[in-house]
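**Q** Construct the complete structure from the given sequences, taking the supplied hints into account.
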Amino acid sequence: MTGFCRAFFVFFFALLWLDAVIPAAAAPEPRIVNIYNFVRDNDYRLSDSRAVLFQTTTQQVQLLKKAGLPATFALQYDALMDANYQNLFKGQTNFELGCWWEIPQDLAERAGLKWRGQHEWDSTANVGFSPGYTLAERRKLVDVYMRDFRKIFGYYPKTAGSWYIDEVTLEYMAEKYGIIASCNCKDQIGTDGYTLWGGYWNQAYYPSRRNAYMPAQTKENEIRVPIFRMLGSDPIYQSGNSAGMHTLEPVYQDGGGGSPAWVAWFLENLIHLPALAFGYTQAGQENSFGWDAMKSGFIQQLAFLSTLDKAGEIKIETLADSGQWFRARYALTPPSAVVALNDWEHENRKTVWYDSRFYRLNLLWQDGKFFIRDLHCFDENVISPTHDTALATKSLAYDTLPIMDCAVWSDPDHGAKGMWPVSLSRDKTGSPLTPIGEPLVTELSATGLEIRQPLAGGGTFSLVCRENKLICDGADATGQPLRWAWNLMAGPEQSAVLRGVTSSTITYCYKNSSYRLHLAKGNCRRAGDECLQLTPDHSGKMVLDLDVAN
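All residue numbers for the sequence shown refer to this note's numbering, where the first residue is 1 and numbers rise by one.
Calculated directly from the structure, the hints in this document are not laboratory data.
Among these hints, one or two may not hold up.
As the list claims (entries may be wrong) - With a straight-line Cα cutoff of 20 Å, these simulated SDA-like cross-link-like pairs (lysine to any residue) come out:
| no. | residue 1 | residue 2 |
| --- | --- | --- |
| 1 | Lys295 | Thr460 |
| 2 | Lys369 | Ala475 |
| 3 | Lys114 | Lys140 |
| 4 | Lys66 | Leu88 |
| 5 | Lys295 | Gln59 |
| 6 | Lys65 | Lys295 |
| 7 | Lys521 | His538 |
| 8 | Lys315 | Lys469 |
| 9 | Lys369 | Ile436 |
| 10 | Lys369 | Thr460 |
| 11 | Lys140 | Ala174 |
| 12 | Lys114 | Phe95 |
| 13 | Lys521 | Glu467 |
| 14 | Lys521 | Ser423 |
| 15 | Lys511 | His387 |
| 16 | Lys151 | Met81 |
| 17 | Lys521 | Glu450 |
| 18 | Lys469 | Thr218 |
| 19 | Lys541 | Ile471 |
| 20 | Lys315 | Glu29 |
| 21 | Lys369 | Pro432 |
| 22 | Lys541 | Thr478 |
| 23 | Lys541 | Lys511 |
| 24 | Lys65 | Gln86 |
| 25 | Lys140 | Leu391 |
Claimed, not checked - Quick list of simulated restraints, FRET-style, between CB atoms:
| no. | residue 1 | residue 2 | range |
| --- | --- | --- | --- |
| 26 | Asp192 | Trp115 | 17 to 27 Å |
| 27 | Arg224 | Trp115 | 32 to 42 Å |
| 28 | Pro492 | Lys310 | 48 to 58 Å |
| 29 | Gly479 | Thr447 | 22 to 32 Å |
| 30 | Asp254 | Asn512 | 38 to 48 Å |
| 31 | Ser539 | Arg224 | 36 to 46 Å |
| 32 | Arg499 | Thr389 | 19 to 29 Å |
| 33 | Asn381 | Thr447 | 16 to 26 Å |
| 34 | Lys90 | Arg329 | 40 to 50 Å |
| 35 | Lys369 | Val501 | 17 to 27 Å |
| 36 | Gly112 | Asp254 | 42 to 52 Å |
| 37 | Glu175 | Asn512 | 25 to 35 Å |
| 38 | Thr447 | Ile383 | 21 to 31 Å |
Just so it is clear, CB atoms sit at the ideal spot from N, CA and C, and this is done for glycine as well.
**A** Below is the structure:
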């Protein structure tokens, strides 16, 4: 039995198992998959790296050609200038050739810059990534890459990806060389020295001209290059600095892209659960892992994806095709969602992510309760720390504006963090609302998502995510307004960013950026040293205004 056949049967039986837990539903909007493989020429972490990396990319090319699937291969400059890769890719018609924007020694030196790395390619953030260079140097590096890419292939690449590309570089690539799409790393805290946390969690967004990690709210201040989020993150477990790597990358065998059961679970959620504008994930693998580490998972994934593509349940396309589609359809970043209502770890966890150009929200069910695990707001006026200045540190960190951040504000000495929906007694103390049965997650419109949760003892609690607001409502078993509140529990970390509380507004300041959470309906108050309490109006309804800049 061939590898593809074996993978197909593994996937088929995994789907039979999952059919019992995920209800099938027609997806009104596309479910897009990019197979994205970025290509380095050498890696100091591997012996005989040039041979290992070239063999890996060659195997990926051969398998994708055999499967007849489109893919994007993004070339780092050292691979671009290697005749082996040039010969491998010239004449290929099913693949997009893009730019992988890490800075190796030969690119820096051809741009007239002194190399500061310890190796020919150095993963240190202020050496290997564009923010580590001055604005003039960033543009020189782009000019050299684009000039040589065009000499070799006869055109400029349409896409550029990296763990992180700064806004100055990205806008220059777009304006001078016609880049139409980009991609950056999944949200993470500290992995490999790179922190991206609090941003548009999945799918794609138009970045601010002042900050490539911050979604823009207006056309005037956006770079018209959608940035797609890489690596296919597990919506339940790939949160913050949690243990393990739970992504679609084929090298991860335990709860990741090398596990057929996990991949089937992940793709079923992608296909059948609400996503609003479109569902999206990125498959593929960087060649630095080597073929032996990724072979099994890569072959299985191609079989899975090919089957789903032929059935019309997903659309496999290049990053350039996705970028062109996004630009043609959306003038502003559209709201999107990622939903998982069953748990591959069988711990009865569930989650819903909602993203818009104004905020992101994450609702989590665990241990018989539910709460808001994450709420970050976006403001296009916040200037990136490396917008005008070269990164001086060996690690990079970009974030947004926290209202609730369980990942960063985690501290077991100060109790359970989160925004907890509580039932209020007359003295306004609260006990967490207890869910019973399954939540119902519904797309109300192209931009609105509703989560309705039945409660123990009768009644329901609902959250409606709109583009710039969150509407919360509670009713008891008789349909009367529920006495409830949000308790924002985040200890001293929350107190550190808090600047003031009135009956309708909470003001914050984070890294010199001021913002506010306004209650269009409802009231807020301090409820102790480490708790803020938000209560609804007399009808049981609360409206949080999440356009924090206005």
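**Q** Against this structure, judge whether each hint is valid.
**A** How the hints compare with the structure:
1. Between Lys295 and Thr460 the alpha-carbon distance is near 48 Å, which puts this suggested pair outside the 20 Å criterion.
2. For the proposed pair Lys369 and Ala475, the alpha carbon gap of about 18 Å is at most 20 Å, so the pair holds.
3. Between the alpha carbons of Lys114 and Lys140 the distance comes to roughly 13 Å, so the proposed pair stays at or under 20 Å and holds.
4. Taking the CA atoms of Lys66 and Leu88, the gap is near 15 Å; set against the 20 Å cutoff, the hint holds.
5. About 9 Å separates the Cα atoms of Lys295 and Gln59, which keeps this hinted pair within 20 Å; it holds.
6. For the suggested pair Lys65 and Lys295, the alpha carbons sit about 16 Å apart, so the restraint of at most 20 Å is met.
7. For the given pair, Lys521 sits about 10 Å from His538 by alpha-carbon distance, which is consistent with the 20 Å threshold.
8. A hinted pair counts as satisfied when its Cα atoms are at most 20 Å apart, and Lys315 with Lys469 does not qualify at roughly 31 Å.
9. With a C-alpha separation of about 9 Å, the suggested pairing of Lys369 with Ile436 holds against the 20 Å cut-off.
10. Using a Cα cut-off of 20 Å, the hinted pair Lys369 and Thr460 holds, with the two alpha carbons roughly 14 Å apart.
11. Distance check on the hinted pair: Lys140 and Ala174 sit about 15 Å apart at the alpha-carbon level, within 20 Å; holds.
12. Restraint check: the Cα-Cα separation between Lys114 and Phe95 comes to about 34 Å, which exceeds 20 Å; the hinted pair is violated.
13. About 17 Å separates the Cα atoms of Lys521 and Glu467, which keeps this hinted pair within 20 Å; it holds.
14. Restraint check for Lys521 and Ser423: the C-alpha separation of about 18 Å stays at or below 20 Å, so the hint holds.
15. With a C-alpha separation of about 15 Å, the suggested pair Lys511 and His387 falls inside the 20 Å cut-off, and the hint holds.
16. Distance check on the hinted pair: Lys151 and Met81 sit about 10 Å apart at the alpha-carbon level, within 20 Å; holds.
17. A threshold of 20 Å between alpha carbons decides the hint, and for Lys521 with Glu450 the separation of about 18 Å falls inside it, so the pair holds.
18. Straight-line distance between C-alpha atoms of Lys469 and Thr218 comes to about 17 Å, which keeps the hinted pair within the 20 Å bound.
19. Between Lys541 and Ile471 the CA atoms are separated by roughly 7 Å; this keeps the pair inside 20 Å, and the hint holds.
20. A hinted pair counts as satisfied when its Cα atoms are at most 20 Å apart, and Lys315 with Glu29 qualifies at roughly 11 Å.
21. Restraint check for Lys369 and Pro432: the C-alpha separation of about 7 Å stays at or below 20 Å, so the hint holds.
22. Pair hint Lys541 plus Thr478 holds up; C-alpha atoms about 16 Å apart against a cutoff of 20 Å.
23. Among the hinted pairs, Lys541 with Lys511 is inconsistent with the structure: their alpha-carbon atoms are about 32 Å apart, more than 20 Å.
24. For the hint linking Lys65 to Gln86, the alpha-carbon distance of about 17 Å falls within 20 Å, and the restraint holds.
25. For the hint linking Lys140 to Leu391, the alpha-carbon distance of about 17 Å falls within 20 Å, and the restraint holds.
26. Between Asp192 and Trp115 the CB atoms are about 21 Å apart, so this pair conforms to the stated range of 17 to 27 Å.
27. Distance hint check for Arg224 and Trp115: the Cβ-Cβ separation is about 33 Å, which falls inside the suggested range of 32 to 42 Å.
28. For the pair Pro492 and Lys310, the beta carbons lie near 54 Å from each other, so the given range of 48 to 58 Å is met.
29. As the Cβ distance of Gly479 to Thr447 is approximately 28 Å, the hint placing it in 22 to 32 Å holds.
30. At roughly 41 Å, the beta-carbon separation of Asp254 and Asn512 lies within the given 38 to 48 Å, and the hint holds.
31. Our hint of 36 to 46 Å for Ser539 and Arg224 holds, since their Cβ atoms are close to 42 Å apart.
32. Separated by about 26 Å at the C-beta atoms, Arg499 and Thr389 satisfy the suggested range of 19 to 29 Å.
33. Checking the proposed 16 to 26 Å range against Asn381 and Thr447 shows it holds: the Cβ atoms sit about 23 Å from each other.
34. Evaluation of the 40 to 50 Å hint for Lys90 and Arg329 yields a failure: the beta carbon distance comes to about 33 Å.
35. At roughly 25 Å, the beta-carbon separation of Lys369 and Val501 lies within the given 17 to 27 Å, and the hint holds.
36. With their beta carbons about 46 Å apart, Gly112 and Asp254 fall inside the hinted range of 42 to 52 Å.
37. In this structure the supplied range 25 to 35 Å holds for Glu175 paired with Asn512, their Cβ-Cβ distance being about 29 Å.
38. In this structure the hint that Thr447 and Ile383 lie 21 to 31 Å apart at CB holds, the actual value being about 28 Å.
Figure legend: structure checked against the earlier numbered hints; hints not met, in rising order: 1, 8, 12, 23, 34.
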